[in-house]
Amino acid sequence: MTEPTPPTQTGSRTTTETLEVSQVADLCTEIEMNVADVIVGHEEAIEHVVTAMLGRGHVLLEDVPGVGKTMLARSIATSVDCTFRRVQFTPDLLPADVTGVNVFNQQTREFEFQPGPVFGNIVLGDEINRAPPKTQSALLEAMEERQVTVDGETRELPDPFTVIATQNAIEPNRTYELPFAELDRFMKKLELGYPDPEEEAELLERTVGHHPIDALEPVTDRETLVAARETVANVAVESPVREYATRLVGDTRDHARIGVSPRGTIALLRAAQARAVVNGREYVLPDDVQTEAPVVLPHRIKTTDRDRNGATIVANALERVPVE
Amino acid sequence: MSTKSDAHAGDRTARLDLEEPIGSKAFRLLACGCILVLTASYVSVLHDVTQVVGGTRALVALVGAMLVAATVLAWLIRPRTATVGAVAAGIIGFAYYLERSGVGIGIVRTAGDTVLSDTAALAAGLPLLRMVEAGIWTLAFVPAPVFLSWYLAVRGRYALSVLPGGFALVFLVLTGDAGTIVTLVGTLAAVGAIGFGELERRGGSIAQADLLAVLFALIVVLSLSVTFVPSGSGPSGQVAGSDSGTLEGTMDFASEQSGIGGPVDLSPEVRFTVEADQASYWRTGVYDRFTGDGWIRTGENRAYDGRIQEPPGQYERSSQIITAETDLGVMPTAAQPLAIEGDLTQHAEVSRHGQVHPESPILEGDQYAVESAIVDPDPEQLRAAGTDYPEPITEDFDYLQTPEGASSEFEARADVITADAETPYDKAVAIERHLRSSKGYSLDVERPDGNVAEAFLFEMNEGYCVYFATTMVQLLRAEEIPARYVTGYTSGQPVGDDEYVVRGTDAHAWVEVYFPDHGWVAFEPTPGESRDSVHTERVEQAREAGAENVDTDTSADDPISDTEDDDVTERPDENVETPEDSQPDSEPENETESTEPESEDADPETVSDSSNDGNGLWHSLVSLLTVSRETAAIGLIALIGLVAGGHRTGVTTAVRRELDLYWQRSRGDPDRDAERAYRRLERVLAREYRPRKQSESARQYLNALASDPEHAIDPREKTVVEGYERAVYGGGVSQAAADESVAIVDELTRARLPVIGQRH
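As given, the protein sequences belong to chains A and B, one line each in that order. Start counting the first sequence at 1; every next residue gets the next number (UniProt numbering). Start counting the second sequence at 1; every next residue gets the next number (UniProt numbering).
Hints listed in this document are in silico derivations from the structure and should not be mistaken for laboratory results. Using N, Cα and C, we set each Cβ at its ideal position, and we do this for glycine too. Nothing false has been slipped in among the hints.
Short, incomplete list of chain B residues facing chain A, as computed with Cβ under 8 Å:
#  : residue
1  : Q694
2  : S695
3  : E696
4  : S697
5  : R699
6  : Q700
7  : E725
8  : V728
9  : Y729
10 : G730
11 : G731
Based on the sequences and whatever the hints tell you, model everything.
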């Protein structure tokens, strides 16, 4: 289940090395192009995943099986030359299977830490809702804290650290639904949906021989990604934008049982920062917030009303809340 | 009082630096001041009345007492008590008035409708001075409003306090006593009191006083341009001789008053003809109350019911048949009329003084018969009449009234003139002689200021009948002899045995003096010879000029009177009021400019010549600038009102926004410049296509507009939007970028202007 682990790269988060906005924008384009070699369509979803990565967020892909969730995650991970780990969540998976365990070394007669799959730059948690909450929370805790505590010893996770999780929307009886509080830790929740007929034809043509994922080459490396994330973090968010985000979030709180949390607001602005960079801007516009809101906010909202879900509430808020 | 001022600071006024709330104390002072001005306005009207009929001191004392009482009682008694007290005081005052005017309180019970109709008559324009006991009425009227309004003002109930004062003022406006200026001042004060009171109560700011300015301007302009006060013009308003420039016009300009004018003209037109068995002065009006500058007939007319009170003593009967030769506002009769006959009797009224008046003007050709009592006792009889005047003459009428403030010098002079006379008759004759001998006759005199009788006696050397008669009446009254001022016509030109043609030139005023047991006897203080010559001359001139209506069929060939008219040539051209004479060389009427566009005056070349001429231009400029001071003042007030109203309704903001759209001044802050440039662009686009939705960002808005191929979106607009985004969200733009945005928007907006845009 776990692959042999190369030396972990626990990069420092204090890197001051940054890239120009245009360079980051170009980088994103390259990654997207690369991924597009494997994934047919879903350009928006690809971009959302890339921006989430740049915005130091994690992504939850939710859909029916077989629409390419795992393939999307894998191809993005492959495009960046960094460590990629994959955990297939099953009902019998234990937390230690995710975080790693201390193993007694017979030769040195010492306990040695055997890092789990969570120690990677990009971690793919496949079918995360098949594992019991105990195991899920091991991963989710690591997502939030960016560190893992095993037997009282705290170990920092590598930088960058991005979790791309997938979950099945069907078979509710054989899955454990993610707790609402933990859902909040994903920056974005994406739904891929079925491809268009043309796209599907294209997909078939590509995959009928060798699967293109096998030929996929990285287009960038870990250091560049860290520098790009630094660039995104430096993007200006002026007070009119902050106020707009606050108004948007406030509106969801007014119209749902549980609205978007402050963590959601932070996630929204981080996603908007990444979005601004992708669009080649060093400052965030309300437009960026509007683009990100439909994927960042809905899964943080709980409604009692059957007719309305998080998505409609966010859509209404976008329609209603004045930009300035 | 609340001082919650910020709560009312609207957005509109937020930018003004006038937001600073003025202390409520200042507003209180202003409001109280306005109430005092309002009080002063109607008290001044009443003061004018008491100046004539007496009681000024009482009025002033009463007003002062009421103000003091209101101040003292303001916090001692409750409003209800104050109202009841004031109303009670008013009722008591009016009861006293009714008693004094000889009507009796009982009339309220027995003839409530009469009292009501009296009040209605007052409200319909009957001046206060026509009331029999105007002085008492004034004193009865004044306490309630003065006390109530000041009481409420002291208590801070400004809006309520305007009610009694406003009621009093409105009433005086309806009676026609309050002039335009007084009404205006009072109304402004009332509005001011309410406005400042509101501002004090709500804790307003000066910026909110703009509404007051609007109201002020509205009232001023309205009151000066619209007359809603019923003007006291009587039947003579539309009929012959009503021209204010003529003697008849000044004497009988309103049925109930007789004015005293300056220089007057005489109309030579025939007014009426009389068939009578003996010549007489034809009386048209009797007046008893002297205001100092005019005469007023007190009391109301009653409908003619067949009889008029006859003289107390012996009299001869004389009958006349009077035929109107033009429309007349008066009914000439020989004094004293006893009865009239004819169709007109139904429309005749009789004054308290026994003179008949037409209800509506008599038309040309109307005829009526009059039976008159000619009182013509011997001088001996009159000398023996004594001074035992019946009470009604001395008490109920104003036959002994002199205006307040008549100088003691006047009385002294009266004493001197009548020094040798023992009886009233001798005194009257002495006064008559004195005036006839000491003053000359002239129609061309300047009307003096102040008391006309005194001015004529002391300062003037000449005058006409009005002056003579007025002065004689006042002199007689100074000697405590009941006398009254009478207007009408002299006997006129005799035609045949018993017919008289009476013209406008015969208009006259004379004096009637009361003698116990005989009644009213006419006296003539105007020097007859000089008067006749002036008047005759006037008719001769008119005849020579060929004026219409100067003669009847029978009168044309006869001389006007026995007096010689040899001095006609000595006094050439006086103004003649006939069209032919005043414009002897003018073209016939139908050849006016409008019907003859080819006439020289309308020639466009001529016009342009004169306007190109520097002098002409200068003159027209000067004439444009030299508008009258009143017009300028009203214009200024209207302008202030417009601006304030615009401010209140947001028009000025709209205009400023409109100007802003086409012209943007650099503020030296590139971020703000760029933002404003975008705002202008947004407004232009909103006007052309659709407004930006609230939830739409600038970029989305522009993209949405651009996505419609029918919309002509200039690619440069994107630059403006980016400049705006950078200024607002991106931490600032350079001045150059901001200037570029402004320049682009300037060009885009101006290209949309209807005229300038054509050149782009």
